[in-house]
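Using the sequences plus the hints, can you model the full thing?
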Amino acid sequence: EAGVTQFPSHSVIEKGQTVTLRCDPISGHDNLYWYRRVMGKEIKFLLHFVKESKQDESGMPNNRFLAERTGGTYSTLKVQPAELEDSGVYFCASSQVIYEQYFGPGTRLTVT
Amino acid sequence: QKEVEQDPGPLSVPEGAIVSLNCTYSNSAFQYFMWYRQYSRKGPELLMYTYSSGNKEDGRFTAQVDKSSKYISLFIRDSQPSDSATYLCPPRTDKLIFGTGTRLQVFP
Chain A
229 EAGVTQFPSH SVIEKGQTVT LRCDPISGHD NLYWYRRVMG KEIKFLLHFV KESKQDESGM
289 PNNRFLAERT GGTYSTLKVQ PAELEDSGVY FCASSQVIYE QYFGPGTRLT VT
Chain B
1387 QKEVEQDPGP LSVPEGAIVS LNCTYSNSAF QYFMWYRQYS RKGPELLMYT YSSGNKEDGR
1447 FTAQVDKSSK YISLFIRDSQ PSDSATYLCP PRTDKLIFGT GTRLQVFP
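Chains as they are written, first to last, in the numbering used here: chain A, 229 to 340; chain B, 1387 to 1494.
Everything labelled a hint here was simulated from the structure, so no lab data went into it. Take the hints with a grain of salt, since some may be wrong.
Claimed, not checked - The list that follows gives simulated cross-link-like pairs (lysine-lysine, DSBU-like), each with its CA atoms no further than 30 Å apart: (1) K279/A x K1456/B; (2) K1442/B x K1453/B; (3) K282/A x K1442/B; (4) K1388/B x K272/A; (5) K1453/B x K243/A; (6) K279/A x K1428/B; (7) K282/A x K1481/B; (8) K1442/B x K1388/B; (9) K269/A x K1388/B; (10) K1481/B x K1442/B; (11) K1388/B x K1453/B; (12) K272/A x K1428/B.
Printed below as a string of structure tokens:
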């Protein structure tokens, strides 16, 4: 069974540009989560989808971040416009049983 | 006060040692606890989870919860260099709450 995949693995963009991160969850997993770790900090929750609906987006830092999950399958996280403080590693996780979350390898975002 | 606290380490031990990794938590409402292992430049990998109070064993790993003191532990027996990673102990809620993690180094 394939695990959670994320694309790209690494993205370097300039301040003010737009970046879109993609997450493909484990097949059949209705729950999809986004987390991020900024330099020197703990991994922090961003938001939670159940199928295509946003269940909890309390961790989204501001309106420059937009997450979507089309048809309840893959999800995208768009940052527009990117700022320096958005640099970090963005993780996606999925689960069928709500508490057992399986993580992808992460996307390392560098904003210069 | 942070909800989950861990000593960031690094904790450096020789191969074969018994390792004890510890976390404290502040919210007495937490009932279940997860243990994740994260290798460098990888995503967290689910190791095991345990219900509040008591032990759970899985191979070389034993998770222990002391709810009265809000203290959880992960013991690794016969540690191997491949156990070198960062260990995370988020409470088992719908959104995981992570501490800093403890970096473990097992040297041959």
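For each hint, the structure was consulted:
1. K279/A x K1456/B: violated, 34 Å
2. K1442/B x K1453/B: Distance of about 14 Å is within 30 Å: holds.
3. K282/A x K1442/B: violated, 34 Å
4. K1388/B x K272/A: holds, 13 Å
5. K1453/B x K243/A: Between K1453/B and K243/A the Cα gap is close to 46 Å, so the pair fails against 30 Å, i.e. violated.
6. K279/A x K1428/B: holds, 25 Å
7. K282/A x K1481/B: holds, 13 Å
8. K1442/B x K1388/B: This hinted pair holds, its Cα atoms lying about 25 Å apart.
9. K269/A x K1388/B: holds, 12 Å
10. K1481/B x K1442/B: holds, 22 Å
11. K1388/B x K1453/B: holds, 17 Å
12. K272/A x K1428/B: Status holds; Cα separation ~16 Å.
Violated hints, in rising order: 1, 3, 5; the structure is consistent with all others.
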